[in-house]
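Trainee: Here are the chains, one letter per residue:
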Amino acid sequence: MTEALWGLVGFFNHLVLLYFIALNGVYLATTVLAFTALRRLSITLKALDSMQLIGSNWAPPISLIAPAFNEEATCVESVHSLLSLEYPGIDVIVVNDGSTDGTIGRLKEAFNLYETDRLATGSIPTSSVRAIYRSRRHQNVWLIDKENGGKADALNVGINYTHTPLFCAMDADSLVEPDALTRITRPFLIDKDTVAVGGVLRIANGCTVEDGRVTDVRLPRNFLARLQVLEYLRAFLSSRMGWGALNATLVISGAFGIFRRSAVVAAGGYATDTVGEDMELIVRLHRYHREKRLPYRIGFIPDPVAWTECPESMAVLGRQRDRWQRGLIQSLMRHRVMLFNPLYGRAGMLAFPYFFFLEMLGPVIELAGYASFIATVLAGRASLDFAVAFLSVAIVLGGVLSLAAVAMEELTFRRYPRRSDLFRLFALALTENFGYRQLNAWWRLKGTISALRGVEGWGTMTRKGFSNPTGETS
Amino acid sequence: MVDASPLTGLALSLLSVTVLLLFIVTVGFSGYAIVLRIAYERRNRLWASLTERWSKPVLSAIADPTTIPAVHTVVEKRYRLYFVNFVLDYSQRVRGEELNTLRSLAEPYLGVIATRVKHRRTEVRLRSVQTLGTLGLPAYEKVVLEALDDPQESVAIVAARALARPEYSHHAASVFEKMPRFSGWEPLFLAAMLAEFGPAVLPLLRDRLRDETSPEWLRAVDAIALRLQLDPRGADIAVAALESATDVDLIAALMRLIAELGRPEHLPALRRFATCASSVVRSEAMRALGAIGDAGEVPLLERGLGDPDPWASANAARGLLSVGGIRLLERLSTAHPEHAVLLGHVAREADA
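Line order of the protein sequences matches chains A and B. Using our numbering, read the first sequence as starting at 1 and increasing by one per residue. Using our numbering, read the second sequence as starting at 1001 and increasing by one per residue.
Any given hint could be a false lead.
These stretches of chain A come out as covered by chain B in the derived footprint (C-beta under 8 Å, 3 or more residues) [as the list claims (entries may be wrong)]:
#	segment
1	86-95
2	121-132
3	282-289
4	379-387
Calculated directly from the structure, the hints in this document are not laboratory data. By construction, the Cβ of each residue, glycine as well, lies at the ideal position given by its N, Cα and C atoms.
Just need the whole structure built from these sequences, with the hints factored in.
Mentor: Structure representation (structure tokens):
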């Protein structure tokens, strides 16, 4: 009986090894693809000025939709930051999602808002709109006050009142770089079938922010935040860039992405019954266009940058990862028809299976695998070859991928000007696989359990605020 | 510890060795990145010192072009490409005479750039064509013209953009000929580029819009360019083109052209599109009927108020405002309470 049990454990250990080979193999493949694409892109960017190419004659107007819920402290600064973007035609639409603090009052006062009408151009079902305001100071600033319905609902309201062909979905506290819009519209220029483009999200913790702009980039002091810097580099520069190169992007961050309004409306807008509305929309856009046999492209480009604040405490980070995992599971389960379905092209045949088997089921396999591996080693039933191979693939290969992501950042964008920060990033790449990765798997496992239990809601996300040059936080 | 079977052991060992090799390669790659960082910092320091050295004389030359030869004396031969880049960066911020001064400043060094437009690396060709297009015309006109045939679309479009100026309208035909290469590009961008040639390009645009053998997407680009050029004859051609047009984008572009530059006699050609299956076309039809129509179009526009497409119904309401004024909207609000909100919106929109 015991032997049979150990036999099963041994079999499982080999399955876990295969899982790690597959997971890190895919990472490696996307890293290689991303590296090629990044090199080409960064050199082209150095060679060619986007704004000069686009010029002011062709700059499609963009509506910036910023959902706000209890953003009293930061909403005015955020809108000022959006108004300072270097782009010829923007509408700023702040959607107040039933805030219970003084968000509306602050905005009314700061922008001299008056109540008016705005023509609805879409009819995505949403919570009811209470009032629409327009600024006397800036004719392109609008505030839509609505009943609380969540971020997706607020974005849908914004889309319903968008009058421009493109819109930018963002978090109210995202800091978008001044030239990010110019850069992110480039794919719409060179390919008229482009329906959505995502940009890179970077961590603003530790950076200096002045007037809504990141003026000094440096690593955060908080260790947990530093680890997330590395994680974001890997996720955006290696993974998303690689999937983008394959035209199989399944995720565009809700904190910064540009969409063709007509395509999103046709696909039905954001889903309000998921906590992963950003991923769900992208998956649905793939489905919609493939099923209707419409030409489309969903892209990702790494140079338009938005900055965001990441959690600095284990509790908040854990809740965030729990929510991300639930969002992932909800999106994948809802669209499981795409799994290995050739109708959906590379999205269905490559990206979807990767997310389904390796990202969605990953935490379960990974944590069970660690437990089983440790038990096997402690019982003296693991061969040395197996133990070394397991640690190589699970730990060392993870470090290889993180190192590669830092090196790619360094070879292309070099956003961390201090040499000490670069060395710290390399050191983190070697250490993050000891503990942090496993902790992440644990949070994601909890997210999986929450999803199975049907837990809803976002959980509380506390923010510290950005640092200004005096070191104070706002 | 137990022993794995020989075959499994071999496979596992191979796996470990592969990972180890990958690790070594990545560490090497990281080391290379650090070396490049050091080189990059050195280059940045050099660039900063060159910028400091050149800024003052270049600014003086912009203020007083007679000092241009003096600037050339401070540019060392080994830094001439840096200087061209410096001037190119500056050129994004100036126009007119100041830009001409920058061209004169760069002129002695552009020969080197011209040799790079056939470089095997795309980015070098891109940069060279952009530099010559900004600073080297008309002297390097021929080189830029040849770049229209570059195997890379991006290089060709940079060349086309550089030539798309009224003073080079004699090259418009060459650019027109290459347009089919850019079929994936955004039509409005292409149209804006063609329109920058100025009025001299109007005959070419009109001819191709008339030509039913041309691809419809290209004719849509021409229709947009004619609208951007405010060509009144374009509306007559658009009306004729509507007869055979099948592509939604072309029909929409033609109607937008008629809406902006058409005359009442064009109305009969538009009316049938008010009930077209495509919401984009219906919306443009409403816009055009309202823009050039009169009280005779009210019944059609009134029916458009009930269009399921919000853009079409809004354009119908705007059209009613245009042909009948605010009083008509008030009267219709009473007659059709179901459209009162929309009509009220449009009235206030006009008021704002």
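Trainee: Which of the numbered hints above does this structure break?
Mentor: Violated hints: 1 and 3; rest satisfied.
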